[in-house]
Each structure stands twice: as C-alpha cells, then as structure tokens.
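Peer 1: Protein sequence lines, in the order shown, are assigned to chains E and U. Each step along the first sequence adds one to the number in the UniProt record's numbering, with nothing skipped, and position 112 is 112. Each step along the second sequence adds one to the number in the UniProt record's numbering, with nothing skipped, and position 75 is 75.
These aren't lab readings, by the way, just hints derived from the structure by calculation. Errors might be hidden in some of the hints.
Each pair may be met inside one copy or between any two copies, as identical chains are not told apart.
Here are the computed lysine-lysine pairs in the DSBU-like style, where the Cα-Cα straight-line distance is at most 30 Å [unchecked claim]:
no.: 1; residue 1: K116; residue 2: K2
no.: 2; residue 1: K168; residue 2: K33
no.: 3; residue 1: K10; residue 2: K50
no.: 4; residue 1: K116; residue 2: K10
2 protein chains.
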Amino acid sequence: MKSLQEKIVKEGKVLSSHVLKVDSFLNHQIDPKLMKEIGEEFAKRFADEKITKILTIESSGIAPSVMAGLELDVPVIFARKRQSLTLTQDLFTADVHSYTKQETNRIAVSNSFLTKQDRLLIIDDFLANGQAALGLLDIAEQAGASVAGIGIVIEKGFQEGGNLLREKQIRVESLARVQSLEDGKVTFAEEVLS
Amino acid sequence: MKSLQEKIVKEGKVLSSHVLKVDSFLNHQIDPKLMKEIGEEFAKRFADEKITKILTIESSGIAPSVMAGLELDVPVIFARKRQSLTLTQDLFTADVHSYTKQETNRIAVSNSFLTKQDRLLIIDDFLANGQAALGLLDIAEQAGASVAGIGIVIEKGFQEGGNLLREKQIRVESLARVQSLEDGKVTFAEEVLS
C-alpha cells in the first residue's frame, strides 16, 4: 500500500536493525485518515470471504480493525491483555510472548462473542515473530470459528512470523512488508500476493 | 444520543447498582457503525473549538476517538497504561486509579506529540469517578496545551466524576448519561447541555 509505505519512510524511526517505531501514526499517535485507507484496503482484499467478525488485540490493532469493520459492516472484537473484574469468566485465552516488551501476556476473549458460525478476519498492527497472531488463531480455534486470513499493517519480513503463518497455509495480507532495517534505513520487500 | 441510549438499553448488562457492562459494542466487542455515529456527534459538539488533537486512553477510548478524529481531521493520541521498551523517555505521566479494577496505573504520553499550541478534545468511553479524565487533564497541563472539553460516551451520573469536572469549569459532553442502575434497570438523566 503506497500511502502507508510513504508514511513509514517519512515518519518511521529505525531504532535498531529490528525495531521500527511508528508512534506518530499507528502505535501511540494515530492518523485517522490513514487508518480509514488501511481499513478499506483490508476490506477490499477480503471482500469475497464472507467475513462475519474481525478479531484483533489491544491496543494498536483497534484503530485499523474498526475502520475495516466499518467497511465490511461487521463487529470487531479486541482480545484483552489482562482480565478486568467485569470480565472474569467464560473466556477463551492464549499466552502471547512479546519479544519487544520481554513479557508474556495472557490474552482473553469472551466466549459470548465468537461462535462456530463465525468466519474471522484477524488484524494486527505488526507481524514480527508471529506470537500475537498465533495467540489469536488459537482463540479462533477454541471457538471453532474459521479464519479467512490475517491482515497486517506492517510486516517485518526479516523476522519469522510471516513464514511461520504462511507455512500453516494461512493467508497473510501485509499492507507494508519491510525487508530490512539495516543501516537505519527502511527497505520494503516486493509486494507478494499470498 | 438516542441510538446510543437504545443500544445501552438493548445490550447493556446491569451487573450491580454501579456496574454497567457494555462489552457487546464498546469495551470488548465494538460496533463500528455506532462508533462512527459517536465520533460524528463529538465532532459536531466541538466543531467550533478549533481542536488540533484528540487525547484518549487505551483501550476502549480508541475507537470513538479515531472516528471523531476522522471527522474533525485531527490526529488522535492514546495514553498508554504501561510503558513499553520502545517508549521509555520524554513522557508526560499521571497516576490513575481504577475503582473497577482496583489498581493504579501510570498513564503516559510521549512529549513529542503534545505542545503548547495544541487545543485538545479529551475523549473516553466511561466517566465514573473521573480519575482517567483527571489524569488526561494533568497530562494536557504538563504539555501546556489547552483543553476545549471532554467527550464521554457513557457518563454514570450517580458517581462523582461529572460534578468534579464541571465544578472545575470543564466542558463535559456525555452522549448518554445514566442516572441510575437501581433494580437492574438503566435510567437515563435528562439531557444536560453543559
């Protein structure tokens, strides 16, 4: 997605050969117009999949997911990283390790909102090691829901997550695929249709 | 806001005389169309205020804020509840106690994204004791930004937050104002123009 790639080049900060900070439009400050474009692009790519719900994870997955949900006219569910007191029972859970934050979070989705009849589009902001995506796939499986694919805003193609998911025959649509962050520079992979 | 009140009556679950669960459209599952209406309503109410940015807090504040930001054509910043390793310095912080979760979180906003020139609209999903709103106001003050007002999706009018803020001469616009949750029933207050 060209406008996204341009935004990454213009505003992304390469902190190391594996850390790209996009806090100015995705992970802390959010650009609503870009999120709308992103949502529309996800909706277009999964238009024929009869999606019934979008499954994402708090917090940075929410904005692109809500825009995709608006376009596809389906609800969005975000997995919570910690349980709250008003959400204590009847949960699907999975453990997700974050290499960036060096911590493991239990993610949870109420079993009221996912059923065997659901056909899910999973959306997340980043795909790196694939741990969050695997956790969401685990939850979808617990619910007996089918998964049409995974929509990713920025894939770090030099980390293992993308291969891991594609080897499982899961359709992964990344709107920007970063091939390298070497020498403080963002290089994108050729667009790969999966 | 009528469609919001109807949604609360239809889908809200009164768990006690002070806990209203709206996990089916706001706090866990999200209704994107309703979020769009909510965003448009906030944008309408603050249309003349020359808002430059929206300030909210993860996670449930994000969806309504992004829709309001889209309508007002301004960026959204969400305060994080915990620091991540890629976001460690140059932060405005405030401590926010949650009575629901019985915990105090430090909320943080990067000082790159708020300036003295900013005129903020603060948005949150719920207003109960007002702790989150006060934390966000504190952060706005640290940045030297002015605050046009606070947009709240659901105000629990029987808790102290609304009065606390209005006594400080802060404009509070609540799209649904719940007067009582007694007897398992949601009763709304008369619409109050602030």
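Peer 1: Tell me, please, which holds for K168 and K33 at an alpha-carbon limit of 30 Å: within, between, both or neither?
Peer 2: neither (33 Å within a copy, 34 Å between copies)
Peer 1: Indicate which option fits the pair K116, K2 if close means a Cα-Cα distance not exceeding 30 Å: within, between, both or neither.
Peer 2: Result: close neither inside a copy nor across copies, 36 Å intra and 33 Å inter.
Peer 1: Is it within, between, both, or neither for K10 and K50, if the alpha carbons may be no more than 30 Å apart?
Peer 2: between (35 Å within a copy, 26 Å between copies)
Peer 1: Between K116 and K10, at a C-alpha cutoff of 30 Å, which is it: within one copy, between copies, both, or neither?
Peer 2: Between copies, since 24 Å is at most 30 Å while 43 Å is not.
Taken one by one, the earlier hints fail for this structure at numbers 1, 2, listed in ascending order.
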